[in-house]
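Novice: As a plain string of letters, each chain reads:
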Amino acid sequence: MHGRPRQRAAGETSGSENDKELAKVAELQELIPSILHNHRTCCYTKEALMQNAKLLELNPEFYTAWNFQKRAVQHLLSSETDEEAHKRIIKEELDLVYRALKVNHKSYGAWHHRKWVIALGLSPLDSEFTLLSKVLKLDARNFHSWDYRRFAVRMKGVPINEELQFTTEKINENFSNYSAWHNRSALLSELYRNETGGKEIVQGRLEEEFDLVKNSFFTDPNDQSAWFYYSWLLGQVVAPVGPELNGTWPPHTSELVIECSEEPTHLSITCTCPLQRVTSFVSSGVPLLLSFTEAVTGVNNETVTFHSEPEVRELSKLSWRPVGFSQEFSQTWATEVRFQNKDDKSLLLSELTNFAVDIEVAVVPGIVSPGGQPMQGPVKCSKVSFHFGTTDNAAKKTIGEELMAKQLGAIGLVEEETSKGENQTQIEAGAWQVKILETEIESILELLKIEPDSKWAQLTLIRLLTARESFSRSRIERPADEVEKLQKLQGLLRQLTHIDLPHSEYYQHEQSLLILREVVLNLERPKEPQHLSSLLNLRSSSLYTLGCFEHFLWVQHLDLSNNHLRSTHGFEALQLLENLNISHNQILSFTALAPLALLPLLRILNISFNEIGAHPIDTCRVLFPSNLSNHFMSQVLAGNNEVNPWEVRLVFQNMNLTDLDLTGNPVVNSSKFMKALTAVLPSTTLHTNESSECK
Amino acid sequence: MATLHLQKHVDYIKSLDKKSDFDSLVTEHLRMSGAYWGLTAMDLMGHLADMDANEIVAWLLKCQHDCGGFGGNHGHDPHVIYTLNAVQILALFDKLNAVDADKIAAYIAGLQNEDGSFSGDEWGEIDTRFSYCAICCLSLLKRLDKIDLKKATDFVARCKNFDGGFGCTPGGESHAGQIFCCVAALAIAGALHHVDKDLLGWWLCERQVKSGGLNGRPEKLPDVCYSWWVLSSLVIMNRVHWIDKKKLEEFILDCQDSENGGISDRPDDAVDVFHTFFGVAGLSLLEYPGVKAIDPAYALPVDIVDRIFYGQENGFTDKL
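Chains X and Y supply the protein sequences, listed in that same order. Numbering-wise (the UniProt record's numbering), the first sequence opens with residue 1 and increments by one. Numbering-wise (the UniProt record's numbering), the second sequence opens with residue 1 and increments by one.
Just chain Y, same shape as in the assembly:
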């Protein structure tokens, strides 16, 4: 019976910082995301304190541009994805007050288009992933009123497909990653009435294949990252019991590198921090013992999110 090699994964994540190999270089541009994945996984496993918060925050702040947006690493252009990840990291360390929330909000608001969609950056790529980044980030900063939220959710609703799922843009094929972004964005915006939960829940539970893993769309291979995107969407819609949880748990545990730590996309493939995070997050949603609870919409630990939205010390009263 496989178990979670928690300490191995903790050590694996800690080792990543010092690497300068090929993998590290080709992911340099998304270091902000890598940091978010690694740090959140560490917190879910109860080891966030092992990391040097001050060093990380100092590095992170240097990624911010004058416009308010954050780049993936020093010298890299601002983008809404890394802006969200930066805010998420600050939330983990309870250092949201290290940034000017209004500035970030203005940057994000500037990315909203007439039709309610969001561009990733000044170059105009439109994708519902960016709608999620914008809505999630602004919600964490208590600045959702800085965008046209109705237009934003109406755009997301227009990306709904025949199967109840969502794509990148209107007319785009349903894909579990996009579905997570849209369902979570609608949840955060209080607009889940746009989702046909029975129809989508059925499509999502049919992502589970014989091995117990989940794929991202029909007739594709299972992948641990879908353990997050499919699972969190189902949890948000209260239909996670429609999949075989035990089999999925076994699949995720099977994807671990029990010698060197880390989790891979499929059993016996190379590990990386991306799949390590999504594997651990998936196990969290499956209530695996020893892993903290994660919020399915904000993709941050539940206690962090509760602190932000219900903790007096985070200035909640100014919202009343």
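Looking at chain X on its own, in the form it has when it is part of the complex:
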């Protein structure tokens, strides 16, 4: 099936080839029905076994024959009590597998049969290592033999260090041995996980590993294997030990003013944050958001605690929910603090006194990543003040000015506190990592002197510099330097794109992350003293992806027009978002907008001039939950597929949009889709052509 040359025309095969095949055809036509018959009738005579062996040597893929063989072995072993006879039977099996492997050394059936036989425990393991040695010499990349080796190693109990030595030998024989590098990574990971003190052993070995892998790519910079392994080593150096809290809303030292709104059960909330950003909206409760570096579970009343003076009843028994599609894991967690009478839901604001509350994420076992890594803590995440306001406008103004003045004073406090707190632990934690990173940066620069056009070396340098930058403490002291560094990195990526044009989209993706880091740095040091808006303007910013969501939790109005976004993955973290403009991007389907359904305050959505309706292949089809991915949501699907395309329901059915702009998407020409949209969004103003009002 693979690697056989095409015959120029039927009948043009060479005579001897043809005859050989015809002979085999005749044999198979005889053997197959016979074996199937023997199998059905449980006939395990010598003749039957000889036939089966013949069949397996002609076609080791004939899996039923291997099954028959196993039944025969079971039968034979049970009818002989003599240990010598057992040994003989086993040896014949192993010989048969050997002959079958000679025909096809990649036969799943043959390898599994051998494993099954050896697992009976009646034969020595040493001969297996001899076989493996042979096979791996013929083909060092045969993953069947590597898998079988791992099985034999486990059975024999070979210590990890011995196997590491074996992989070193294989790598020294031929650096381009991805299978050996892979096995090495698997062994080290096992060491890290299972041995006591494994973490320290692996960290101690990292320098050795870097040396080994550098040997490889200094010898042959074009071989991929070493570079992928290097990338993994780099990850081991910079990866945090477990999930960390990386953002909260309201942020530390925020002042919240809570008043009644026009809706009887809803609050009008105004939040004044450090850097004087003001966010105001109407909601049934005060949202609290926690963002983590990776998806976690276990956020609840035990792991997130509050200390307030005085004690506040409404803060006990909050129910935290994962913001996302999983019921269990999420990077963002949310809850709402309600101030309602339990019985009639009326607001109790007049009875409440102002209070300040410390929110702390505790270290009690609970918050863990999908891999089981616990969060390091406890972390004091925010001190937030709640003020219960009046409807008196003059009084409002005074409170507002008071809060503003307080904020100006608070900024210095925040920076001092965070830099003091972070500095100490960061310096301690970062020391060994920075040392390794700086050594490696030097090495790669050396290589680039000899091989300036090596895309692998260039990409690796960018990764090293990016990692080095994230450990830099000059972020707070000299942010201008940091911005310069980020721009330099972006320049390097642009250079890399010229050498490696086929992968330009990937490099654009990486570039976007750097651009966003620059945006975040600029946000933290506003050019103007007064910087009040909750609008984030990322228009025409060459963004191929969006990230850094933990820095954008405050955003109410987001302009992402004229970029290259293909989905709204991660947008669910932006729980305060009311107005989103992603016009002129590369949204190809409605499903790409699924995360937006999780935004409770979203009212205005501009998706004009994308490509919805132009593509038969939906690249977000199983990315977000639907019936196709085991999420049977409690929706009633009336009618059939024709009138109610499921993507429309999936995305828009629970949204409360006032405006939806679809102008310039081919889908507006489909009456089927437009009908469905109108049905699912009855009170939304739909814009489908340029003459209609757009926001």
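Careful: at least some of the hints might be erroneous.
[Unchecked claim] Here are the simulated EDC-like cross-link-like pairs (lysine to aspartate or glutamate), alpha carbons at most 16 Å apart as the crow flies:
{"#": "1", "chain 1": "X", "residue 1": "Lys24", "chain 2": "Y", "residue 2": "Glu122"}
{"#": "2", "chain 1": "Y", "residue 1": "Lys197", "chain 2": "X", "residue 2": "Glu294"}
{"#": "3", "chain 1": "Y", "residue 1": "Lys197", "chain 2": "X", "residue 2": "Glu21"}
{"#": "4", "chain 1": "X", "residue 1": "Lys115", "chain 2": "Y", "residue 2": "Glu122"}
{"#": "5", "chain 1": "X", "residue 1": "Lys115", "chain 2": "X", "residue 2": "Glu92"}
{"#": "6", "chain 1": "Y", "residue 1": "Lys246", "chain 2": "X", "residue 2": "Glu294"}
{"#": "7", "chain 1": "X", "residue 1": "Lys24", "chain 2": "Y", "residue 2": "Asp23"}
{"#": "8", "chain 1": "Y", "residue 1": "Lys210", "chain 2": "X", "residue 2": "Asp223"}
{"#": "9", "chain 1": "Y", "residue 1": "Lys151", "chain 2": "X", "residue 2": "Glu328"}
{"#": "10", "chain 1": "Y", "residue 1": "Lys19", "chain 2": "X", "residue 2": "Glu21"}
{"#": "11", "chain 1": "Y", "residue 1": "Lys245", "chain 2": "X", "residue 2": "Glu505"}
[Unchecked claim] Counterexamples of contact, computed for chain X against chain Y with all Cβ distances above 10 Å:
{"#": "12", "residue": "Asp95"}
{"#": "13", "residue": "Gln165"}
{"#": "14", "residue": "Glu200"}
{"#": "15", "residue": "Ile201"}
{"#": "16", "residue": "Thr305"}
Hints listed in this document are in silico derivations from the structure and should not be mistaken for laboratory results. All values derive from a computational prediction rather than experimental measurement. Here a beta-carbon is modelled for each residue, glycine too, at the ideal position from N, C-alpha and C.
Please build the complex by placing chain Y on the supplied structure of chain X, with the hints as guidance.
Specialist: Using the frame of chain X, we list chain Y on its own:
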């Protein structure tokens, strides 16, 4: 400029049924898979109606054993791979009601091990390919609740490697075929959070070689079948734009036998139905005109999958 010789491939596939040559005999044990590849390719090319549905379904049903599982051909032992393929063929013909879904579900559930993995059959070979077969098949039958899905996805997650890819078993080297099985299984199970899409997407886009074709792992030759396994994994993760689509399209078209029909693994090699299917499926994912859209996780045409999961007439309401 090469084009797709659609009619030639249709004729090639139709001709396979009558063959009894060496190739046909050595693949007799996987006829169920061959049928699935051929029939799905026919549907993608708009010619499924050319096939005799009743004859095929009758043949297929004879491959089912009392335990509920299907063998690769008459008289061949049951296996989870051919059980999936049988269900996929029935889905194509809209004849899922020809089988007892509970029986098949029980067979598959019986293959799940303590650690969440799936054996291919009673003989215990474990491989993430079988996790995919189990999860995909049960999902099509709306019986995913018959297995321990969390354990199943946790096992798949344990097969994740240093490069973001997946192997046959924990510790097994990343390989595009296994990656497809794991990514698609996790997608169907709603557990894609286990996949580091940026890391894996980068590894996958580096499968594209100078000729534009895709290989299955580093430093290996390109092969048309990877146009499916690498491509579908990238589509599922919404990173298919990270490869050069035009060059891949040219490579696939280059692998056609423009005289006798069929597609081969590499230009000028012998064709077979396996590579014909994966070539056409790859072109579908590349949105080649004239080829129907294929679902990247279920490996069946999109309209078939939509009908199963969202069409009223397939008994969706009983799942609520």
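Novice: Report the numbers of all earlier hints that the structure fails to satisfy, in ascending order.
Specialist: Hints 1, 3, 6 contradicted; others consistent.
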